[in-house]
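S.K.: Heads up: the protein sequence lines correspond to chains S and A, in order. Residue 1 is where the first sequence starts when you use the working numbering, and the numbers rise one by one after that. Residue 1 is where the second sequence starts when you use the working numbering, and the numbers rise one by one after that.
Rather than coming from a laboratory, the hints here were simulated on the basis of the structure. All C-beta atoms, glycine included, are put in the ideal place defined by N, C-alpha and C. Certain hints may be false.
Claimed, not checked - Computed beta-carbon distance windows for the label pairs:
| # | chain 1 | residue 1 | chain 2 | residue 2 | range |
| --- | --- | --- | --- | --- | --- |
| 1 | A | Y407 | S | D316 | 46 to 56 Å |
| 2 | A | A388 | S | E26 | 48 to 58 Å |
| 3 | A | V401 | S | H3 | 41 to 51 Å |
Stated by the list, open to error - Partner residues are not named here, just some residues of chain A that face chain S (Cβ under 8 Å, in silico):
| # | residue |
| --- | --- |
| 4 | R63 |
| 5 | P123 |
| 6 | A126 |
| 7 | F130 |
| 8 | D194 |
| 9 | P419 |
There are 2 protein chains.
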Amino acid sequence: MPHRTRVVIVGAGFGGLETARRLAGEGLDVLLVDRHNYHTFFPLLYQVGAAEIDASEIAYPVRRIVRRWEGVRFRMAEARKLDPTSRTVSLAPPGDGDAAPEVVPFDHLILAAGSDAHFFGVPGAAEHAFPLRQVEHGLALRNHVLGRFERAEALTDPAARVAALTFVIVGGGATGVEYAGALAELVYRPLLRDHRGIRREEPRIVLLEAGEGLLPGVPERLGAYAARRLDRMDVEVRTGATVRRVGPREVEIEGGETLVAETVVWTAGVRGAGLAERWGLPVDRQGRVRVAPTLELAEAEGVWVLGDLAAPTGEDPPPMVAPVAIQQGAHVARSILRRVRAAEPEPFRYRDPGLLATIGRNAAVARLFGRTFTGYPAWALWAGVHIARLIGFRNRLVVLVSWAWDYVTFERVVRLILPLREAARLEERGRSSAPPSRP
Amino acid sequence: MPHRTRVVIVGAGFGGLETARRLAGEGLDVLLVDRHNYHTFFPLLYQVGAAEIDASEIAYPVRRIVRRWEGVRFRMAEARKLDPTSRTVSLAPPGDGDAAPEVVPFDHLILAAGSDAHFFGVPGAAEHAFPLRQVEHGLALRNHVLGRFERAEALTDPAARVAALTFVIVGGGATGVEYAGALAELVYRPLLRDHRGIRREEPRIVLLEAGEGLLPGVPERLGAYAARRLDRMDVEVRTGATVRRVGPREVEIEGGETLVAETVVWTAGVRGAGLAERWGLPVDRQGRVRVAPTLELAEAEGVWVLGDLAAPTGEDPPPMVAPVAIQQGAHVARSILRRVRAAEPEPFRYRDPGLLATIGRNAAVARLFGRTFTGYPAWALWAGVHIARLIGFRNRLVVLVSWAWDYVTFERVVRLILPLREAARLEERGRSSAPPSRP
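Here chain S stands alone, though its shape is the one from the complex (with noise of 0.2 Å):
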């Protein structure tokens, strides 16, 4: 062999971490890529949205994780350019638009780049909306909901504090849920304990779900249950209902009505990395890359895509979850261990775990070896669940002590506006002050 099977894996989500995991120790040289420094845990953003932990809390950083993987580099930087010819892909330091890229020759290569917010096309969600889908979101939301109740207290005019204390989620699946209900328990508790200027009744939370019921793809009885749950709140639930366009200040809902709000979270939709599509890659209406059933690339052998940015062909698309990503990351570092053995990959077969999402305090829904959950037993399942899968022991110790401290005193001690602005700015300099990577 002329030189060791060179693996390149463009992000480190669930998918692309499980894939470098796998091929660890194998005698490839395997290069692991990311545009952050860290991973992000998914599945507790929206707490981050809600000042329930911090985003060190569920951020991690990669090249900490991937330490003891024999044979796995790690290299913080954006895919620019992927040629199938010759078998390279460009890599460049993230937001930096004049670097000289460097162009690194693979063998195989793993796109696992994940999704980003959808908006099918609504106009002004993607300008007025806050995705909730990376760790600057939930700052960004974070700052924008606590900022809300800081203005809301210097305001006269009624319908100015209306719309500074009323909070839209679009978007009634796990995501939407779980924000809904995490931003009541701020709300309702430590936010109007703490805003005297503010009455009990002022402050709105709205869920709009544009199908017949919350937590599409689920038993109904728990999608019924989370509604409950969520009305006992004080979020108001509405389904049936489409977003029709999204202002600066509103939303308005087919039919006619306009909600009023300085706030509105999309959680609605999801499609495959951009990044596929601007590289000409085959996708389908959701931005997913089309693939063999066995993952790889029909018109480039040795590309890959797995997780959200997938769609093997022959069948439905898998959902857009952690573990389609994880079992599809072992998969993909199998096949390419067989191809190197010079055996044929085989085809990815999906084994649904089942879904957990939680509501709040006592309350969430779980769909799991063939069952269904609600209410205290679903929300221990939850939280032992999401506890042991962080990854770092100081991030397990940590968000659970801050768990137990919330849950016992009703608090959130991460209720901080943070000067995202001037702290950027302060880092800019940092960027001007650097010369071009590759002069």
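Use these hints to put chain A onto chain S, whose structure you have.
M.R.: Chain A only, in chain S's frame:
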């Protein structure tokens, strides 16, 4: 009496909080104002810049602190203008230049706005050096330092690698010494361990102090100990080194030597917060307001200045440290209560509690009870005092867990390069959507 005595406190730092606490429950109407919604525990801020603890561990929501203080309200706002004649102060939402200010009358006004970095007119320092005074400075510096290592991995030019991996700290006072030590512990342990593309001899940390020794103002033995310890930690300590100019990628030292470095941290000077000067109050060369020995402004009865912002006449101005601000906060509260009872305020006298500064693992210096300590005893004292003083039970516990974890593992889990620019941009949509506060 026509109305309850109205007290406005500008600044929720150590001094402002202490004043509010002492005035609570005394039948006064107290309005505490800060442009952040949190109190910053400044003594541990350098640890944020060294990825040792997270921002939420040193920032604590003001509303949570004042919740049980009877008669004390909080407003997140900037103080824009003081009118001593009408005895009013104008407040406006932070960062919103267009907002019409709210005019608030007072009987007593306490200016406790603290201090900013002081660059002494050194060319380029304000533009290119990183200050370390506010939470956002800590976050930006953390991003920048971690970013230098990620960048260096992609650099092949030796000169470019030197610039990326040289870190210059200007100022050998407590903050400079503490940050130099914390940075050495970050760089030479976790960062080198996880950046296998960077050689042990490449990173360079230089601490520049213009005076003859480190920690000016404390017994020489402590400064000498700090210098020896830092030297053992591979920090180059240069005393008698005055900075003449800071450029985008270099620091010029008096005498002609130039250090090439993409990171320059400025801890060399502090001056009173700018608002006093903008309002035309009588300030000294350090921007501190000249007040009577009672801390009252001679020009306006009932206007008090304390902490870093105050320079009482008739003595050397006290050092710009937290104990002074806390003692002055208590003193001003007592004086206001005396005035309410028609008694005259007394001059402030500082009782120096000593000094504590940490250099690293098991290494610190202390001056307490007229004695000096170094090494492990000083370090244990330092940790105990700071944990005890941290506001909020959860923060204490979380910081303890962080420290214990770092201590056992030589690890740093908060090594996150947060996308501040993206978060700030996302937050802007919230700002632009909001109409002026007081239409």
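S.K.: Broken hints, numbered, in rising order?
M.R.: When the structure is compared with the hints, numbers 5 and 6 turn out to be violated.
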